[in-house]
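Peer 1: Top to bottom, those sequences are chains A and B. Mapping of the first sequence onto our numbering: position 198 corresponds to residue 198, and the numbering continues sequentially without gaps. Take any residue in the second sequence, note its place counting from 1, add 478, and you have its number in our numbering.
The set of hints was computed from the structure by calculation and includes no laboratory data. Check each hint, because a few of them may be wrong.
Pairs of lysine-lysine, BS3-like flavour, derived with a Cα cap of 25 angstroms [as the list claims (entries may be wrong)]: (1) A:Lys-427 x B:Lys-553; (2) B:Lys-666 x A:Lys-376; (3) B:Lys-553 x A:Lys-27; (4) B:Lys-666 x A:Lys-18.
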Amino acid sequence: MNTSPSNRKANAFHAQAKNALNDATLKQALRSATDTFAERRSAAIAAVPDWEALREQARLVKDATVARLDHYIEQFADNAEQAGATVHWARDGKEACAIVQKIAEDNGATRLVKSKSMATEEIHLNKALAERALEPVETDLGEWIIQLAGETPSHIIVPAIHMTRDQVGELFVDKLGIPPSNDPKTLCAHARERLRSHFAQADLGISGVNFGVAETGSILILENEGNVRMTTTMPKVHVAVMGIERVIPRFKDLEVFLRLLPRSGTGQHLTTYQSILTGTDSAQDSANGQGPEQVHIVLLDNGRSKIAVDEKMRETLACIRCGACLNACPVYQTVGGHAYGTVYPGPIGAILTPQLAGMHEAKPLPFASSLCGACKDVCPVKIDIPSLLLELRQRAVEGTDHEPATKRSFFESMSWRMWSWFMRGPKRFRFASAMARLGQRMPLVHRLVPPMAAWHSTRELPRLAKRSFRDTYKGPSK
Amino acid sequence: MTDTPTTSRNVSLFATCLGDQLSPDAVHATVTVLERAGCQVTFDPRQTCCGQPAFNSGFWQEAREVARHFLDVFKDAEVIVAPSGSCTAMVHRFVDLFRDDAELLPRAEAMAHKTFELSSFLVRELGVTNLGARLDARVGWHDACHGLRELRIKQEPRQLLAQVQGLELVELKTCESCCGFGGTFSVKMPEVSTAMLDHKLDELQMTPIDVLAAVDSSCLMQIRGRLERRGSPVRTMHLAEILASR
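Same shape as in the complex, but just chain A:
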């Protein structure tokens, strides 16, 4: 790792990406992991005859939900409270962190465990809790590795995707004092042993939410390790942090999403565990109450309601956080998640971050794509990411009613003005191409003109033909 987690920024994408390209171990780890996930995904969806219909259906459900997000999220909140949960509303990350802190302090909780959740990463919950000496222990294996390493996740569903097993082995030797090993089974056994004792002692468990069902107030969480189940049931208090766009109207809507999400994410037909949690046992009149005495659901806006009313961008909220677009993206595959300098990396991060954090905080991200469209093809809810990237690029350059344009260099703006002027007149076009022909005969021109210098740094320059097509075409041969 070339940059420390706290120094990374979305606006430093270029430098971070260049650093990543120089890391041969990272290159190896990323390529093999993303290829493996992409292959598993292809195999898993090949076995589903109506995959396209499922995608269509899922998107319809999401669009209908986002169109009436206020209605469904209130219905969800009412039903969750009915079932015994306490619902909290957080406008932004700061409010959400304060709510979780207060719940912990009100309950005198000191030993916290947490399962994997991107929403909690988004609001930097661990950091906020650590300030009160309440930092939770991450219990997802990948997240735990990341926490031990003092790192941040580099993938939405595979947080430690950038690490090789050798690196994990070295980390465990260093931090846990285990005998040297790079055997995944051995390393897992050590992790399991350590984590079990944390579960046994924990007095508060924090989780994310994959889906919140409006009609029942239930939350659904998918996982493979069993740590979510323990995090949400063993401690007396369970706190779930849920982005408001996680809501779906009906229980039966889960059918389509449960078929799409695991296949798209890990290439599994179904994750090992699906926990559906509805309120507390005491509220259900259970004779021998199991599970937590208190369930708190923190509903997080943090910019989402703004996206919901943005007609051109609102499909961003259809995302179910499967990570398929990351695995398919040639930019992500090449530079990895940390280069993005954001919580959400890859194609979805490139459209989500400028909207959540503001364009000025993530200027390079909409441009960090060749617009190849691989993300769109794999997206289980058919988000047209390339079109949204284009929309954001336009907003970055030309600004909107709500956000001023980002600063462009005089050279760039002027170049496009001139380009347009030359391209609108055939005579001017001919003149410009004649000039370019002269220019390319001058020595060192490739070192002096910035775009040509950038090209020439890694590739031989293209040469304009001695005579263009328009200068050599003589009309139909017959």
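We have chain A; now place chain B onto it with these hints.
Peer 2: Relative to the frame of chain A, chain B by itself:
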């Protein structure tokens, strides 16, 4: 495949600015191929560019001005054929540029309907696959992104290549991997752009081919620049050049 009577063979050629200036041989070959397929080809020298470089860079006002010029130049064309999936896809995207323009939006929609990429025009619209071509070479195909994912062109170039005598089509594992060009992306982030391409070119070290071919001059420019820098013996060819070979 049958000849669809509704498709006109009066083709207005869109040479594309890159084709016109960088690879006129590929554009001449496009004319040859279209004429062999029975088309009457005309070239309007007022044409310049589709506007994609500015569109992809966020400069939509400038893109709109150039797209407007395109709409005017090709106003009376019956069908427009371009030796590029990417430029064709851009013409199909004019509807995004003019979404708030009641006058130009219908014209943009009509333009999209009559603008075709070369291989899909030959195979889907004319039902032609055999153009009597001959090329003794092992050819790897690059599925350029916009043709593949926006225009859904996959089998058409393969059907055409299959009819070329002497040609051995070598399917590459990375045939659908982006070449990393991406317009201004290639000069804004040259290292990332090149690393993406290297992933593709690395395969060629294990899979011997003579020619890496595509239907887009832009991808071929990127690929050729890197092959030359790497000192590779593999050459690049445009699909039209292969189909015009005898």
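Peer 1: Are the hints correct? Go through all of them and say.
Peer 2: Hints, verified against the model:
A distance of roughly 19 angstroms separates the Cα atoms of Lys-427 of chain A and Lys-553 of chain B; the hinted pair therefore holds under the 25 angstroms criterion. For a cut-off of 25 angstroms, the pair hint linking Lys-666 of chain B to Lys-376 of chain A stands: about 23 angstroms separates their Cα positions. For the suggested pair Lys-553 of chain B and Lys-27 of chain A, the alpha carbons sit about 49 angstroms apart, so the restraint of at most 25 angstroms is broken. Distance restraint check for Lys-666 of chain B and Lys-18 of chain A: the Cα-Cα separation of roughly 12 angstroms lies within the 25 angstroms cut-off, and the hinted pair is therefore satisfied.
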